[in-house]
Each structure stands twice: as structure tokens, then as C-alpha cells.
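There are 4 protein chains.
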Amino acid sequence: MIKEDDVITFWIDMKRTYLIKVKKGKKFGSDKGAINLDSIIGLEYGSEVTLSTGNKAYVLKPSLIDIYNGLKRPSQVLYPKDVAYMIYSSGIQPGDIVLEAGTGSGFLTISLAYYLGEKGRVITYDIRQDMQEIAKKNIELLNLTDRVTFKLKDVREGFEESNVDAIFLDMPDPWNVAKHAYDALKPSGSIVIFVPTTNQIEKVGIALKNSGFIDIHAEELILREYQIKENATRPKNIGVMHTGYIIRGRKSLKSST
Amino acid sequence: MIKEDDVITFWIDMKRTYLIKVKKGKKFGSDKGAINLDSIIGLEYGSEVTLSTGNKAYVLKPSLIDIYNGLKRPSQVLYPKDVAYMIYSSGIQPGDIVLEAGTGSGFLTISLAYYLGEKGRVITYDIRQDMQEIAKKNIELLNLTDRVTFKLKDVREGFEESNVDAIFLDMPDPWNVAKHAYDALKPSGSIVIFVPTTNQIEKVGIALKNSGFIDIHAEELILREYQIKENATRPKNIGVMHTGYIIRGRKSLKSST
Amino acid sequence: MIKEDDVITFWIDMKRTYLIKVKKGKKFGSDKGAINLDSIIGLEYGSEVTLSTGNKAYVLKPSLIDIYNGLKRPSQVLYPKDVAYMIYSSGIQPGDIVLEAGTGSGFLTISLAYYLGEKGRVITYDIRQDMQEIAKKNIELLNLTDRVTFKLKDVREGFEESNVDAIFLDMPDPWNVAKHAYDALKPSGSIVIFVPTTNQIEKVGIALKNSGFIDIHAEELILREYQIKENATRPKNIGVMHTGYIIRGRKSLKSST
Amino acid sequence: MIKEDDVITFWIDMKRTYLIKVKKGKKFGSDKGAINLDSIIGLEYGSEVTLSTGNKAYVLKPSLIDIYNGLKRPSQVLYPKDVAYMIYSSGIQPGDIVLEAGTGSGFLTISLAYYLGEKGRVITYDIRQDMQEIAKKNIELLNLTDRVTFKLKDVREGFEESNVDAIFLDMPDPWNVAKHAYDALKPSGSIVIFVPTTNQIEKVGIALKNSGFIDIHAEELILREYQIKENATRPKNIGVMHTGYIIRGRKSLKSST
Numbered sequence: 001m002i003k004e005d006d007v008i009t010f011w012i013d014m015k016r017t018y019l020i021k022v023k024k025g026k027k028f029g030s031d032k033g034a035i036n037l038d039s040i041i042g043l044e045y046g047s048e049v050t051l052s053t054g055n056k057a058y059v060l061k062p063s064l065i066d067i068y069n070g071l072k073r074p075s076q077v078l079y080p081k082d083v084a085y086m087i088y089s090s091g092i093q094p095g096d097i098v099l100e101a102g103t104g105s106g107f108l109t110i111s112l113a114y115y116l117g118e119k120g121r122v123i124t125y126d127i128r129q130d131m132q133e134i135a136k137k138n139i140e141l142l143n144l145t146d147r148v149t150f151k152l153k154d155v156r157e158g159f160e161e162s163n164v165d166a167i168f169l170d171m172p173d174p175w176n177v178a179k180h181a182y183d184a185l186k187p188s189g190s191i192v193i194f195v196p197t198t199n200q201i202e203k204v205g206i207a208l209k210n211s212g213f214i215d216i217h218a219e220e221l222i223l224r225e226y227q228i229k230e231n232a233t234r235p236k237n238i239g240v241m242h243t244g245y246i247i248r249g250r251k252s253l254k255s256s257t
Numbered sequence: 001m002i003k004e005d006d007v008i009t010f011w012i013d014m015k016r017t018y019l020i021k022v023k024k025g026k027k028f029g030s031d032k033g034a035i036n037l038d039s040i041i042g043l044e045y046g047s048e049v050t051l052s053t054g055n056k057a058y059v060l061k062p063s064l065i066d067i068y069n070g071l072k073r074p075s076q077v078l079y080p081k082d083v084a085y086m087i088y089s090s091g092i093q094p095g096d097i098v099l100e101a102g103t104g105s106g107f108l109t110i111s112l113a114y115y116l117g118e119k120g121r122v123i124t125y126d127i128r129q130d131m132q133e134i135a136k137k138n139i140e141l142l143n144l145t146d147r148v149t150f151k152l153k154d155v156r157e158g159f160e161e162s163n164v165d166a167i168f169l170d171m172p173d174p175w176n177v178a179k180h181a182y183d184a185l186k187p188s189g190s191i192v193i194f195v196p197t198t199n200q201i202e203k204v205g206i207a208l209k210n211s212g213f214i215d216i217h218a219e220e221l222i223l224r225e226y227q228i229k230e231n232a233t234r235p236k237n238i239g240v241m242h243t244g245y246i247i248r249g250r251k252s253l254k255s256s257t
Numbered sequence: 001m002i003k004e005d006d007v008i009t010f011w012i013d014m015k016r017t018y019l020i021k022v023k024k025g026k027k028f029g030s031d032k033g034a035i036n037l038d039s040i041i042g043l044e045y046g047s048e049v050t051l052s053t054g055n056k057a058y059v060l061k062p063s064l065i066d067i068y069n070g071l072k073r074p075s076q077v078l079y080p081k082d083v084a085y086m087i088y089s090s091g092i093q094p095g096d097i098v099l100e101a102g103t104g105s106g107f108l109t110i111s112l113a114y115y116l117g118e119k120g121r122v123i124t125y126d127i128r129q130d131m132q133e134i135a136k137k138n139i140e141l142l143n144l145t146d147r148v149t150f151k152l153k154d155v156r157e158g159f160e161e162s163n164v165d166a167i168f169l170d171m172p173d174p175w176n177v178a179k180h181a182y183d184a185l186k187p188s189g190s191i192v193i194f195v196p197t198t199n200q201i202e203k204v205g206i207a208l209k210n211s212g213f214i215d216i217h218a219e220e221l222i223l224r225e226y227q228i229k230e231n232a233t234r235p236k237n238i239g240v241m242h243t244g245y246i247i248r249g250r251k252s253l254k255s256s257t
Numbered sequence: 001m002i003k004e005d006d007v008i009t010f011w012i013d014m015k016r017t018y019l020i021k022v023k024k025g026k027k028f029g030s031d032k033g034a035i036n037l038d039s040i041i042g043l044e045y046g047s048e049v050t051l052s053t054g055n056k057a058y059v060l061k062p063s064l065i066d067i068y069n070g071l072k073r074p075s076q077v078l079y080p081k082d083v084a085y086m087i088y089s090s091g092i093q094p095g096d097i098v099l100e101a102g103t104g105s106g107f108l109t110i111s112l113a114y115y116l117g118e119k120g121r122v123i124t125y126d127i128r129q130d131m132q133e134i135a136k137k138n139i140e141l142l143n144l145t146d147r148v149t150f151k152l153k154d155v156r157e158g159f160e161e162s163n164v165d166a167i168f169l170d171m172p173d174p175w176n177v178a179k180h181a182y183d184a185l186k187p188s189g190s191i192v193i194f195v196p197t198t199n200q201i202e203k204v205g206i207a208l209k210n211s212g213f214i215d216i217h218a219e220e221l222i223l224r225e226y227q228i229k230e231n232a233t234r235p236k237n238i239g240v241m242h243t244g245y246i247i248r249g250r251k252s253l254k255s256s257t
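Protein chains in written order, with UniProt numbering: chain S, 1 to 257; chain F, 1 to 257; chain E, 1 to 257; chain Z, 1 to 257.
These are calculated hints, taken from the structure and not from any lab test. Please note that the accuracy of each hint is not assured.
As a list, the in silico BS3-like pairs of lysine-lysine whose alpha-carbon atoms are at most 27 Å apart [unchecked claim]:
1. F:Lys254 x S:Lys229
2. Z:Lys24 x Z:Lys3
3. Z:Lys229 x E:Lys209
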């Protein structure tokens with residue numbers, strides 16, 4: 001049942017999906033019609049509501065993809081397809097402790113906090129206080145504050161933790177953090193790095209190899225959306241051709257040679 | 001520390017990655033050399049070991065991708081890239097209860113069990129007993145038995161549960177299960193379906209729409225692997241061009257019209 | 001040397017490339033500056049010119065891709081990547097005679113006329129006179145009139161030619177033309193068909209098979225554009241994810257069975 | 001009608017397509033059956049023939065894709081999808097004169113010779129005599145000798161021609177040839193370069209820009225083959241994920257600055 005202060009997905013149609021915080025006395029408006037948020041309180045998730053125009057809308061429990069679409073984000077954030085694979089390929093499980101740099105708008109942070117569950121912890125580093133303030137608000141909005149620790153520090157100078165389960169990097173020069181990441185990781189733990197340009201693939205891959213990581217993979221995911229229409233099903237014409245590359249490796253206890 | 005009966009990843013190189021159960025007195029052999037498994041017991045994950053040939057290898061904690069590569073699977077299983085996105089886009093969280101059909105070799109089952117954590121539950125249906133026996137063994141191997149319930153039943157006749165958080169379908173005619181899935185799902189809950197052929201996209205999409213689902217998306221993921229090599233970094237030449245399509249939707253409480 | 005009435009490519013930058021007919025006394029204007037076309041007459045192709053604003057521009061001989069970008073086209077036209085492969089895979093050579101339906105805005109017609117050379121002929125069918133008028137003007141503009149014959153007729157009732165080297169179809173229901181195409185083609189000649197949706201692939205493929213065609217292939221081309229930038233080379237973010245599918249086959253003299 | 005010494009495509013099925021020279025008294029054999037080539041002489045292209053096993057086969061006029069599949073080639077050759085787009089985007093027409101380096105096994109040479117027609121000329125450079133001997137034989141086999149001139153020379157020392165219509169490069173370090181290519185090209189003429197790795201894109205692009213080329217594009221084509229099967233049409237599972245990148249530009253008469 002939806003209560004005041006809950007964050008919900010307000011779904012009018014495929015192009016009009018909003019993330020809103022339910023507040024008494026507040027009104028939500030769009031080009032398809034408006035609704036008084038009071039009327040949403042007490043409804044079951046999934047319910048149909050009627051807008052001022054007579055159009056129908058639905059109240060849904062926010063998924064991570066809804067959060068991606070609705071999040072306040074002054075900076076470019078990672079795409080769901082990439083976040084999904086980064087988390088999956090890292091091997092993390094509920095209850096794990098992971099490091100992240102940089103925080104950015106906090107979308108990867110939120111996704112990690114979701115997956116790690118109540119006992120898990122994300123420690124997220126950034127060098128920009130203004131960005132972390134935005135990320136903090138995003139994380140508060142979603143009631144995930146207990147799972148996240150913010151640190152305002154340049155990880156090129158090292159992490160403060162050790163023996164963590166996985167490390168996620170989305171920053172301009174991750175090769176400068178490879179050695180620090182190795183030190184902070186639990187043996188056999190994963191590092192997962194996102195970079196947007198081709199020359200970074202090589203730099204990251206070589207830095208990982210030289211820092212004691214093994215099982216190094218560089219991968220790219222292309223997502224195609226399909227239009228479903230009777231006798232006219234086909235991929236959508238225009239879309240995202242490129243986001244970036246995911247490079248991952250695992251900490252080995254290599255004997256020095 | 002690695003104990004007897006632990007399932008470990010035995011990593012020799014990128015093409016020689018094995019999932020093995022550590023047993024006293026047993027030997028592991030490959031074209032790159034052999035090792036007595038006794039010598040692995042007591043080692044820390046990440047440790048380097050030396051094969052009979054002098055070659056080095058590493059003992060790692062199995063990730064889901066290792067499990068994918070090493071799992072006993074007489075049938076085609078879903079690819080990690082697809083499983084990652086199916087789980088992510090479903091919005092499930094640790095502790096949730098989900099349904100799955102069919103079980104197949106159990107790779108999606110295992111991935112779900114990992115993500116749902118100790119408090120989560122996967123109820124998985126199949127019509128083939130022989131397949132479920134294999135899946136059961138795979139799940140036992142990974143010590144996930146407590147999180148999984150097996151049912152030998154045709155879901156085209158309906159699910160036995162209700163109010164579940166999400167439903168995952170990987171079966172030849174999922175359109176025949178759309179209505180039953182709707183009935184078993186919690187409002188706002190997700191259905192996520194995998195199909196290999198183009199004409200199935202349309203059939204599934206239309207069935208979902210006609211069964212009360214909204215926010216219906218059909219997507220496809222193409223994964224490109226890159227070779228990392230100094231001054232010669234490029235995508236690998238040959239690879240998997242196609243696995244299938246992922247169609248998802250959410251249960252709405254639509255007023256009948 | 002550029003003469004009056006020549007059609008040239010006027011290149012200001014990657015996003016400002018125009019196809020213009022050089023006329024005395026006329027002026028060309030853009031947001032980057034203007035130029036009197038008189039000043040272009042007599043220049044060598046490749047020359048640099050200065051716009052009213054001081055910006056530089058270049059006069060180039062139009063390539064087929066320039067024509068694609070600059071052509072008057074009320075309807076969607078085939079993309080260069082698809083036209084290139086359709087022509088190449090058809091096996092046609094200079095001097096050949098080919099059929100096409102429908103004409104549309106004439107971009108494939110123009111491409112065929114270019115490749116077939118002075119001795120080649122394109123006979124192009126359409127059912128819409130208004131479209132053929134536009135195509136005719138496009139073909140006149142490029143001085144290719146001698147190579148093209150226009151026919152206003154529904155090819156579902158058959159072609160008027162026989163023994164042609166290849167047939168190209170870009171129309172909604174090409175399966176209804178497979179048998180007529182077979183009759184009009186020279187044995188061993190190619191049919192090449194473009195369709196935008198997935199269900200059409202199957203319908204076309206089966207119609208070709210049932211009409212005596214062999215060596216039937218269905219293919220799709222995805223083109224990724226790259227941004228070249230020092231230390232930041234990468235695919236462009238947004239692009240064309242889908243145009244359509246190319247299905248081709250060759251006429252065999254199969255004994256009836 | 002097929003005569004002795006003609007090169008034909010012998011098509012048994014999608015996986016058994018052969019390029020053979022028809023010789024009296026010779027026999028062609030495959031795992032699907034054999035045939036005496038005498039029986040092919042005098043047949044019309046497209047004809048059905050019966051193999052020793054009773055299986056059917058077809059004699060076809062070789063297309064460029066047949067030649068690609070059947071060509072003797074000790075080195076990796078460019079793929080048809082890339083050759084098609086390289087030629088198309090170059091803007092060349094029948095009768096043009098083009099340069100190529102390196103010759104390799106001659107597949108691009110053959111494709112160019114086909115498109116340029118009887119009046120066109122390809123001048124092809126390579127530094128390896130053994131490769132050019134193979135290419136020569138391939139070109140002789142296809143009766144294209146009159147259209148091709150072979151030169152055994154390192155183009156990094158310059159081309160011997162000037163005012164050519166287009167230049168095609170498929171060699172390890174094309175950036176070292178950009179300036180020579182500029183000198184040999186007709187103003188407004190195209191250079192089209194193929195490279196397999198990501199770091200080469202940037203090097204080539206910058207070299208072209210610094211050598212007076214404009215309208216520089218870097219592109220990549222991904223081809224997906226589809227299986228056509230009733231109710232089971234879908235992309236083929238395994239395929240070529242990567243061949244290389246195509247970079248092209250046009251010679252401008254830039255004022256030096």
C-alpha cells in the first residue's frame with residue numbers, strides 16, 4: 001500500500017514514466033493530465049488512476065530502470081544494460097562490501113545498494129563534493145542511506161579499506177588506480193571498470209595485468225530495442241549505438257617473478 | 001580458506017577455466033598439467049599453485065560467469081549477458097520470491113538464488129524430470145538447495161503460487177502462460193521472458209498486452225568481446241551474434257473495459 | 001573544372017554538406033555564411049572558397065553518399081550501407097540491364113545507374129506518379145536520364161521485360177512479386193529485396209524458395225560511425241540502430257518435382 | 001552458355017559452393033557426389049545437374065561473393081560487406097582509374113576491376129612478390145588481366161601515378177602513405193582505408209586530416225546473417241563479430257595556413 005513519502009513510479013505511457021515522492025497536498029502534472037497525490041495514498045501498487053483529462057495512469061513500485069529514467073543526474077550516468085552486466089560479472093552477492101569511484105550522480109551506487117541488500121555496504125568515493133551532494137539526495141530519496149558511505153577523496157591516492165569483495169571504477173584514468181584497487185581487494189575479488197573510449201581499453205587492460213589481476217576481459221554491450229506491432233515488429237530505428245566498454249579482472253596472489 | 005567439498009574455480013588461462021569440487025585424494029588433470037586436490041585444501045582464494053608441468057594456475061571463488069562456463073548442462077542455457085539484464089530489469093531484490101519456468105539445466109535458477117540471498121526463494125517449474133534432476137544436482141553442488149523449490153508441472157496449466165515478486169519464463173510458448181503469470185504475480189510485479197526467434201517477440205508482446213501487463217519492452221543484447229593487446233586492441237573476430245530477445249512487462253490492475 | 005549547371009557538393013563541415021546546382025547569378029546561403037555561385041564557375045573540384053563570413057568551404061564532385069544526403073526525398077530512402085551491399089551482392093556489372101520496384105525517390109535508381117555506366121539500363125517501376133515525378137527530377141539533376149526508363153505500373157501484375165540481369169525490390173509485399181521476378185530474370189540472375197520488419201524476412205524467403213530461387217540469404221547490416229579524436233576515439237553515441245533486412249537469391253532452372 | 005575454360009559457380013547447397021574452371025575431361029568431386037565437367041559444357045547458366053549420387057546441383061555465373069568464397073587466398077582478404085561499402089563510398093564509376101595497396105590475394109582488386117568495367121584501370125601495389133603472383137593468377141582466372149596493372153613497390157616511398165580517381169589502402173601502416181596518396185589523387189578524389197584495430201582508426205584519421213583531406217569518416221559494418229525457417233526465423237548464432245574499420249576522406253585543395 002502506498003504511503004506518504006513513498007517514492008513511486010507514475011506510469012502514463014512508454015514515454016511518460018515519472019519517479020515521484022508522494023506528498024499530501026501536492027499535485028502532479030503532465031501534458032497528459034494532472035492528479036492530486038492525496039488520491040494515491042492508500043492505493044495498492046499496480047493500481048490504475050484517472051488523470052484530470054480522463055487519461056489513465058498506473059502507480060508502480062520503482063524498478064532500477066525507472067530509477068535510471070527518473071533520477072536527478074547532472075552528469076552522464078551508466079546505462080542499465082552496463083550496470084546489470086558489471087554487477088553480475090563481478091560475482092557479488094547480498095551482504096558483500098564493495099568500493100566504488102567515482103560516485104557521480106549515484107546511479108551505480110543505488111544499483112549496488114539494491115543488490116547487496118540490508119547487510120551489504122557500498123563505500124563510494126568522489127573528488128567532487130557537489131556531485132556527492134546530489135548522489136546523497138538520490139540515495140536518501142530511495143531510503144538506501146544505511147547501505148552507503150560517502151567519501152570525498154581522490155582514489156588515485158589509495159582506498160582506506162581492505163579486503164573488500166569488489167571494486168567498481170567509472171572515472172577518467174582508472175589505470176592510475178589499478179594498484180590501489182589490488183591492495184584494497186580480497187584475493188579472488190573482482191575489479192570492474194567502465195570506460196567510454198577505445199584507447200582506454202588497452203590502457204586499463206595492461207594496467208590490470210601489471211598489477212596482479214588475472215582473468216581479464218574487455219567487453220561491450222549493444223542493446224537494441226524492438227517495436228512490437230502486429231506484422232511490423234522490428235528494431236527501433238534510432239538508438240544508443242555506444243555507451244562504453246567494461247573491463248574486469250580478478251585479484252590473484254601471484255608470486256612475484 | 002578452501003575446505004574439502006568447496007566448489008572452486010580452477011583458472012589456468014582464459015581458455016582453461018574449470019569449476020571443480022575439492023575432494024581429498026582426487027587429482028585434477030588438463031593438457032596444461034595436473035594437480036593433486038589435497039594441495040589446494042587450506043589455501044586462500046586467489047592463491048597461485050604449480051601444476052605437474054611447472055605451469056601456474058589459480059584457485060578462485062566461483063563467479064556466476066565461472067558457473068556458466070563450468071556447469072553441467074545438457075540443454076542450451078541462457079547467456080550471462082541475458083541473465084544479468086533479465087534479473088536487473090525485473091526489479092527484484094534480496095529476499096524476494098520469484099517463479100521460473102522452465103528450469104532447464106538450472107543456470108537462471110542459480111543466478112536468481114545468488115541475487116535473492118538467504119531469505120529469497122526461487123520456485124522453478126519444468127515438465128521434464130530428467131532436466132530437473134540435473135538442475136537439482138547443479139544447485140546442490142553450489143549449496144543453494146535451501147533457496148530453491150522444484151516443481152514438476154506444466155505451467156500452461158497455471159502456477160500454484162500467488163503474490164510473487166517476479167516471474168521468469170524461458171520456454172517455447174510463453175504466450176500460453178501470460179494469463180497464469182498475471183494471476184500469480186503481485187501487482188506491479190515483473191514478468192521477464194526470453195525467446196530465441198523473431199516471430200516470438202510479437203506473439204509474446206501481444207499476449208502480455210492482452211493479459212493486463214503494461215510497460216512492455218522487447219530488447220536484445222549483443223555482447224562483443226575485445227582482445228587486449230598492445231597496439232592491436234580490437235573486437236574478437238568470431239563470436240556469438242545472437243542468443244535471443246528479452247521481453248518484459250509489469251502487472252497493472254487495469255479496470256476491465 | 002566546374003561549369004554552369006553542374007551539380008556539386010558544397011562542403012562546409014561534416015554537418016553542412018549540400019548538393020547544389022551551379023547557376024549564374026544565384027547565391028548560396030547557410031548559417032555559416034553565403035557565397036555567390038558565379039565565383040565557383042571555373043574552379044577545379046576540391047577547391048577552397050571563402051564564405052561571406054570568412055569561413056572556408058570546399059567544392060567537391062558529388063559522391064553517392066553526398067547524393068544520399070542532399071537528395072530531395074519525400075519518402076524514406078534506402079541507406080548507402082544497404083544500397084552498397086545490395087548492388088555488390090547482386091553481381092551486376094557495367095552494361096547490365098536491371099529492374100527495380102518501387103522507384104520511390106530514386107536513390108537506388110541513381111546508385112544503380114552510376115554503377116551500370118553508360119551502357120547499362122535501369123527500368124524502374126512504381127505505382128505512384130507523384131513519386132516518379134520526384135525521382136525523374138532527381139535523375140535529370142544528375143544527368144542520368146539516358147540510363148533510366150520509368151514505368152508507372154504495378155509489378156504485382158508482372159514485369160514487361162525478360163532476361164534481365166538482376167531485379168531489386170523495395171516495396172511492402174515483395175512476396176507477391178517473386179514469381180514475376182523469376183519470369184523476368186535471366187537464369188542465374190539475382191533478385192535482391194529490402195524489407196524493414198522481421199516477419200517479412202520469412203515471407204520473402206519462403207516465397208523465393210517456392211518460386212525457383214536458390215542460394216537464398218537474409219542479412220542485415222549495422223553501421224557504426226566513429227568519432228576520431230586524439231585519445232578519445234569511440235563510436236558515436238546515438239545512431240541508426242536499424243534500417244532493414246536484405247534478402248537475395250538466384251534464379252535456378254530447377255526441374256519441377 | 002557455358003564453354004570450356006569458363007569459371008563457374010558450382011552450387012550444391014548453402015555450404016557447398018565452389019568456384020571451378022570448366023575443363024574437358026576433368027571431374028569435380030565433393031562429399032555430396034561427383035560430376036564430369038564435360039557434361040556442363042553447353043549448358044545454360046542456372047541449369048540443374050545431377051551428381052553421381054543423385055543429388056542435384058546448379059551451375060551459376062560467379063558473383064563477387066562466390067569469388068570471395070572460392071578464391072585462392074593464403075592471406076586474410078577483405079570481406080564482401082566491407083569491399084561493397086569501400087567501393088560505394090569512394091564515389092568511383094565505370095571507367096575510373098584507381099590505385100590500391102597492398103594487393104594481397106587480389107580480392108579487392110577483382111572487385112574494383114568488376115565495377116570499373118572495361119575502360120577502368122586498377123593499379124595495384126604490393127611489396128611481396130609471392131602474394132602478387134597469387135593475385136595475378138586469381139585475376140587471370142577471372143579474365144580481368146586487361147584491367148589490372150601490378151607493381152612491386154613499397155608505396156611508403158610514393159605512388160608513380162597522379163590524378164587518379166581514388167586510392168584504396170589495406171596495409172599495416174597506412175598513415176605513412178597519407179601524404180603520397182594526397183599527391184597521387186585528383187582533387188576531390190577519395191581515399192578509402194581499411195584497418196583491423198581500434199588504435200589505427202585514430203592514427204589514420206589524424207594523418208588524413210594533417211595531409212589535406214576533408215570529409216573524414218570512420219565507420220564499421222557489422223553483418224548479421226539470418227536463418228530463414230518457418231516460425232523460427234532468427235539471426236544465426238555464431239558469426240563474424242569484427243572485421244575492421246573503414247576510414248575515408250577526400251582530397252581538398254586547402255590553402256596552406
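These are the hints, each one checked on the structure:
1. F:Lys254 x S:Lys229: The given pair, whose Cα atoms are some 21 Å apart, holds under the 27 Å limit.
2. Z:Lys24 x Z:Lys3: holds (10 Å)
3. Z:Lys229 x E:Lys209: Given that 27 Å is the threshold and the Cα spacing comes to 11 Å, the pair holds.
Checked against the numbered hints given earlier, this structure breaks none of them.
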